[in-house]
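Peer 1: Each chain, letter by letter, is given below.
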Amino acid sequence: MSLDKEFKEIPGTIIFDAEQSRKGYWLNQFCMSLMKAENRERFKANERAYLDEWKMTEDQKQAVMARDLNAMMALGGNIYFLSKIGATDGKSFQQMAGSMTGMSEEAYRDMMINGGRSIEGNRRIGEHGDAQRTNKDK
Amino acid sequence: MARITASVYSSHIPAVGAAFDLGKTHEPYWQKVFSGYDFSKQWEKEQKPDVIFLVYNDHATAFSLSMIPTFAIMTGPEFQPADEGYGRRPVPPVIGHPELASHIASEVIQKDFDLTIVNEIDVDHGLTVPMTCMFGKVDAWPCKVIPFAVNVVQHPVPSGARCFALGQAIRAAIESYPEDINVQVWGTGGMSHQLQGPRAGLINRDWDNEFLDRLIDDPEGLSKMPNIDYVREAGSEGIELVMWLIARGAMADTRGGPKPKVAHRFYHVPASNTAVGHLILENA
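Taken in order, these protein sequences are the chains called A and B.
Residues in the first sequence are numbered consecutively from 2, following our numbering.
Residues in the second sequence are numbered consecutively from 30, following our numbering.
Heads up, some of the hints might be wrong.
Each computed BS3-like pair below joins lysine-lysine, with the alpha-carbon atoms no more than 27 Å apart [claimed, not checked]: (1) B/253 to A/92; (2) B/53 to A/92; (3) A/6 to B/253; (4) A/24 to A/37; (5) A/92 to B/61; (6) B/290 to B/70.
Not close to chain B: a few residues of chain A, all C-beta gaps over 12 Å, as computed [stated by the list, open to error]: (7) 52; (8) 59; (9) 66; (10) 132.
For the record, the hints were derived by calculation from the structure and aren't laboratory data.
These figures come from a predicted structure and were not determined experimentally.
For glycine and all other residues, C-beta sits at the position ideal for the given N, C-alpha and C.
Can you build the whole structure from these sequences, using the hints too?
Peer 2: Have a look at this one:
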């Protein structure tokens with residue numbers, strides 16, 4: 002039984018399912034390697050050379066080097082794995098999450114302090130909430 | 030015989046652990062979060078549990094994509110706090126209860142819940158942050174802990190109904206353990222939050238509070254809510270809340286006993302990207 006198609010109808014959201022997991026397998030496993038300090042050092046010293054040790058697609062490598070989290074997600078990345086790149090860069094989870102919204106770090110932090118992003122208009126693709134922006138990219 | 034005296038529910042936000050470890054608990058932003066646990070720390074001193082059965086999820090820490098167990102029970106004697114990329118948290122090791130954990134595994138597997146058994150694993154913020162919230166700064170945790178991990182990372186994740194039924198089986202298993210010990214069952218994660226994509230930052234205060242209401246009064250009805258509703262209404266990472274139904278299923282009223290007493294309820298937005306929810310239910 003495949004996953005309910007309603008999961009694909011949530012705006013601004015990529016569901017990490019078996020298909021994404023297969024697509025992103027080596028991207029995510031590369032991220033896991035950054036849990037070791039010596040790997041973080043090697044990655045930082047020469048990102049391209051380190052990425053070339055992994056069976057990742059060129060698109061995935063480019064997305065990592067550009068630190069484009071939305072692109073990494075679309076290419077099979079999962080946020081808990083991708084967060085290891087953020088940790089390597091010294092970024093907090095709030096900075097990482099905010100970077101995917103198109104908002105400035107300050108605007109995102111203020112939105113959270115003021116109660117977070119509203120669910121209104123953001124339940125289904127085609128509504129008029131503020132998370133509908135990149136549906137065409139999905 | 031072993032007794033389940035209470036269930037505890039709590040978010041397990043990593044930034045809360047970091048704020049505690051860096052001594053920021055009195056900063057206004059964090060004070061509002063930690064104040065929700067003042068009651069709980071005192072309550073735990075009075076309750077003196079012997080064992081906590083602690084339901085959490087691993088966040089790409091010990092389980093990568095190489096292994097994704099849906100339900101995993103930890104039957105080992107000791108578990109270290111994991112290095113999640115920022116260094117290990119300065120918290121004590123978790124001391125397990127291999128005898129009770131093995132007993133629970135044996136009982137529930139024979140009731141058709143096919144658990145994975147894990148003996149060696151480092152535990153991440155999903156487990157250590159609620160421990161910090163409930164016990165504060167300690168040299169050693171005051172009780173033993175049986176970690177129990179649920180896959181809520183790769184879909185499909187288990188349904189609320191399956192989690193609720195598993196909680197009921199865990200309760201029966203604990204109550205058939207011959208030693209007279211005080212056991213708490215904890216469910217962690219949530220509440221509404223989304224950490225990815227243009228919808229990141231989603232918070233749904235009304236939905237969260239209705240979830241708390243129904244968890245208290247109508248857990249069986251709540252357990253029938255499909256997973257899509259959690260993801261749509263509470264955010265892609267809000268799906269963690271299915272784990273709360275394991276703890277709720279372990280309470281006495283799910284098998285004809287009296288309704289639990291609400292000892293404590295707390296809700297606050299935000300901690301980092303997340304709505305903080307916390308509840309303590311006592312068996313009568």
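Peer 1: Has the given pair, residue 92 of chain A with residue 61 of chain B, been kept, meaning a C-alpha gap of at most 27 Å?
Peer 2: Distance of about 24 Å is within 27 Å: holds.
Peer 1: Tell me if the straight-line CA distance from residue 24 of chain A to residue 37 of chain A falls inside 27 Å.
Peer 2: holds (24 Å)
Peer 1: Taking 27 Å as the top limit, are the C-alpha atoms of residue 53 of chain B and residue 92 of chain A close enough?
Peer 2: Between residue 53 of chain B and residue 92 of chain A the Cα gap is close to 18 Å, so the pair holds against 27 Å.
Peer 1: Just checking, residue 59 of chain A versus chain B, shortest CB gap more than 12 Å?
Peer 2: holds (21 Å)
Peer 1: Residue 6 of chain A and residue 253 of chain B: Cα distance at most 27 Å?
Peer 2: OK: residue 6 of chain A and residue 253 of chain B at ~19 Å, within 27 Å.
Peer 1: For the pair we were handed, residue 253 of chain B and residue 92 of chain A, check the Cα-Cα distance against 27 Å.
Peer 2: Violated. Residue 253 of chain B to residue 92 of chain A sits at ~38 Å, over the 27 Å cutoff.
Peer 1: Is it correct that the beta-carbon of residue 66 of chain A has no partner in chain B closer than or equal to 12 Å?
Peer 2: For residue 66 of chain A, whose nearest Cβ neighbour in chain B is about 19 Å away, the distance exceeds 12 Å, so it holds.
Peer 1: Against chain B, does residue 132 of chain A keep a CB gap of more than 12 Å to every residue?
Peer 2: violated (4 Å)
Peer 1: When you check the alpha-carbon spacing of residue 290 of chain B and residue 70 of chain B, does it fall within 27 Å?
Peer 2: Given that 27 Å is the threshold and the Cα spacing comes to 18 Å, the pair holds.
Peer 1: A cut-off of 12 Å on Cβ-Cβ distance, and residue 52 of chain A was said to be off the interface with chain B. Does that hold?
Peer 2: Consistent with the label, residue 52 of chain A stays out of reach of chain B, its closest Cβ about 17 Å off (over 12 Å).
Violated hints, listed in ascending order, are 1, 10; each of the other numbered hints is respected by the structure.
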